[in-house]
Structure formats: structure tokens, C-alpha cells
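*Asks:* Order-wise, the sequence lines are chains A and B. Numbered per our numbering, the first sequence spans residues 1 to 113. Numbered per our numbering, the second sequence spans residues 1 to 112.
Possibly wrong hints are sitting among the right ones.
To be verified - Using 20 Å as the maximum straight-line C-alpha spacing, the simulated DMTMM-like pairs for lysine to aspartate or glutamate come out as follows:
id, chain 1, residue 1, chain 2, residue 2
1, B, K71, B, E100
2, A, K58, B, E100
3, A, K57, B, E100
4, A, K71, A, D31
5, A, K42, B, D26
6, A, K42, B, E100
7, A, K5, B, D26
8, A, K42, A, D79
9, A, K15, A, D84
10, A, K5, B, E59
11, A, K42, B, D38
Since the hints were derived computationally from the structure, they do not count as laboratory data.
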Amino acid sequence: QQQVKQSPQSLIVQKGGISIINCAYENTAFDYFPWYQQFPGKGPALLIAIRPDVSEKKEGRFTISFNKSAKQFSLHIMDSQPGDSATYFCAAAGGGTGNQFYFGTGTSLTVIP
Amino acid sequence: NAGVTQTPKFRVLKTGQSMTLLCAQDMNHEYMYWYRQDPGMGLRLIHYSVGEGTTAKGEVPDGYNVSRLKKQNFLLGLESAAPSQTSVYFCASTRTGTYEQYFGPGTRLTVT
Numbered sequence: 001q002q003q004v005k006q007s008p009q010s011l012i013v014q015k016g017g018i019s020i021i022n023c024a025y026e027n028t029a030f031d032y033f034p035w036y037q038q039f040p041g042k043g044p045a046l047l048i049a050i051r052p053d054v055s056e057k058k059e060g061r062f063t064i065s066f067n068k069s070a071k072q073f074s075l076h077i078m079d080s081q082p083g084d085s086a087t088y089f090c091a092a093a094g095g096g097t098g099n100q101f102y103f104g105t106g107t108s109l110t111v112i113p
Numbered sequence: 001n002a003g004v005t006q007t008p009k010f011r012v013l014k015t016g017q018s019m020t021l022l023c024a025q026d027m028n029h030e031y032m033y034w035y036r037q038d039p040g041m042g043l044r045l046i047h048y049s050v051g052e053g054t055t056a057k058g059e060v061p062d063g064y065n066v067s068r069l070k071k072q073n074f075l076l077g078l079e080s081a082a083p084s085q086t087s088v089y090f091c092a093s094t095r096t097g098t099y100e101q102y103f104g105p106g107t108r109l110t111v112t
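Generate coordinates for the entire structure from the input sequences, incorporating the hints supplied.
*Replies:* Structural data, given as C-alpha cells:
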């Protein structure tokens, strides 16, 4: 059973537009929800993360929205830029998982100039 | 401060051969992880360690073994490689009390 489901698989956005990636999780014990950004040939890098006690977290152009009751969270990239073109992964960790991380399947984002 | 490093960067094996992937971190992190990344499947946890001398199974541990003899190193072994183990392998580490996970640059393994 996949613990974290991510959509869409791929996304194409015009420069300046808003990119939205969604994730849903199963285990209500998770207490940490990060997003990672990965460029080709590189390892994933932590972009932004949220705990379930807040509904939104913003860092620059990147915002996480969190809906605890729906067990969903999403990444919003405002004013998307060509340099944002990458693969984005959501994940969930904590609770009773013993520090294990469960990742979504990834979203390939392309920002067209 | 090199962060998380992985050796080697690329490797080609024949079916049945064995090899060891080395992960090293210089951040004094307690937790270390090995993941595999396959197209359309995200990152899947193979094994992890919560401290020197300890290891635990993740989601996809079959066919792999690990050891954490030193706090800074986490080794991933393939005793008898199979084509299904063709993948990109990532090591990661986190500090106790945080969930901030730092990844290495990856090892691309091809098993023919």
C-alpha cells in the first residue's frame, strides 16, 4: 500500500504562472511533511517542510498548504521560473514510523519561458 | 564540510557479481538511509540506521545488506546482483531530533 500518493506525474507551466503539486497520505501518525527538489543527475534537496499543527508555510515563492482532515498537502510555486524546472517529491515521516520517510512518486515540472 | 558523499558514482555489474556502495557523512548525523530511485516510483527506502552498530529494514530490503561500523559511514552491499537491482541509489542522513534529510549525489548502478 502506497503511503504517499502524488499528482500530477508531470506539469507544464508558463513562466510567471503558478505550479501546484498535490500529495495525499495514509498514516495519520505522520508528523513531518517535506518537499524535495531534484535536478537531473543530482540528489534530492530539501525545499520546504511543514508540521501538521499549521495549515500553511511560506518560504519565498514556495508555499505548502496542509489539510489535516483530508490528509492532503500541496506545494504551490508562485511566479514559476524556468530555473524551477525539476522533479519535485513530497514525503511524509515521523509518528510511529521510527524516522522512516515515505516518498511520493514525483512530479516533473517544466516551466516554459 | 562535504556533506554526504557516495562512492562510486557509476558502476556496471554482471548478474551474480557482488559489490559494496559506500556512503560517508561529515555532519555527525545519527540517522543514515539508503534509497533506490526508479522511474515512476519515487524513492524507496532499502535500509536505514539510527546509530552506529544498528540497522533496520525499510520498504524494499530483499537482496541488500548494510553495515554501520562507524558513525560516519553506511555501507550497502549487493551479494549477488540481479538486473532488477539496476537503479540509482541515494544515501541520506539526518541529525537526531530533526527530520532534515541531506542526500548524497547518487550512484547509478547497471546490472547486465
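*Asks:* Taken at face value, is the distance from the CA of D79(A) to the CA of K42(A) at most 20 Å?
*Replies:* 24 Å, violated
*Asks:* So if I understand the rule, the pair passes when the alpha-carbon distance is 20 Å or less; does K42(A) with E100(B) pass?
*Replies:* Judged against 20 Å, a Cα distance of about 18 Å means the pair holds.
*Asks:* For the pair we were handed, K42(A) and D38(B), check the Cα-Cα distance against 20 Å.
*Replies:* It holds: about 14 Å lies between the C-alpha atoms, which stays within 20 Å.
*Asks:* Measure nothing beyond the straight line between the CA atoms of K58(A) and E100(B); if it is 20 Å or shorter, mark the hint as holding.
*Replies:* It holds: about 17 Å lies between the C-alpha atoms, which stays within 20 Å.
*Asks:* Can you confirm whether the C-alpha distance between K5(A) and E59(B) stays at or below 20 Å?
*Replies:* 16 Å, holds
*Asks:* With a cut-off of 20 Å on the C-alpha distance, tell me whether K71(A) and D31(A) pass.
*Replies:* 11 Å, holds
*Asks:* Against the 20 Å threshold, does the CA-CA distance of K5(A) and D26(B) hold or violate the hint?
*Replies:* 33 Å, violated
*Asks:* Under the criterion that the straight-line Cα-Cα distance not exceed 20 Å, is the pair K71(B), E100(B) satisfied?
*Replies:* Roughly 18 Å between the alpha carbons, so the hint for K71(B) and E100(B) holds.
*Asks:* Between the alpha carbons of K42(A) and D26(B), is the straight-line distance 20 Å or under?
*Replies:* 19 Å, holds
*Asks:* Assess, step by step, whether the Cα of K15(A) is no farther than 20 Å from the Cα of D84(A), and give holds or violated.
*Replies:* 10 Å, holds
*Asks:* Regarding the pair K57(A) and E100(B), is the alpha-carbon distance no greater than 20 Å?
*Replies:* Holds - the C-alpha atoms of E100(B) and K57(A) are around 16 Å apart, at most 20 Å.
When the structure is compared with the earlier hints, violations turn up for hints 7, 8 and for no others.
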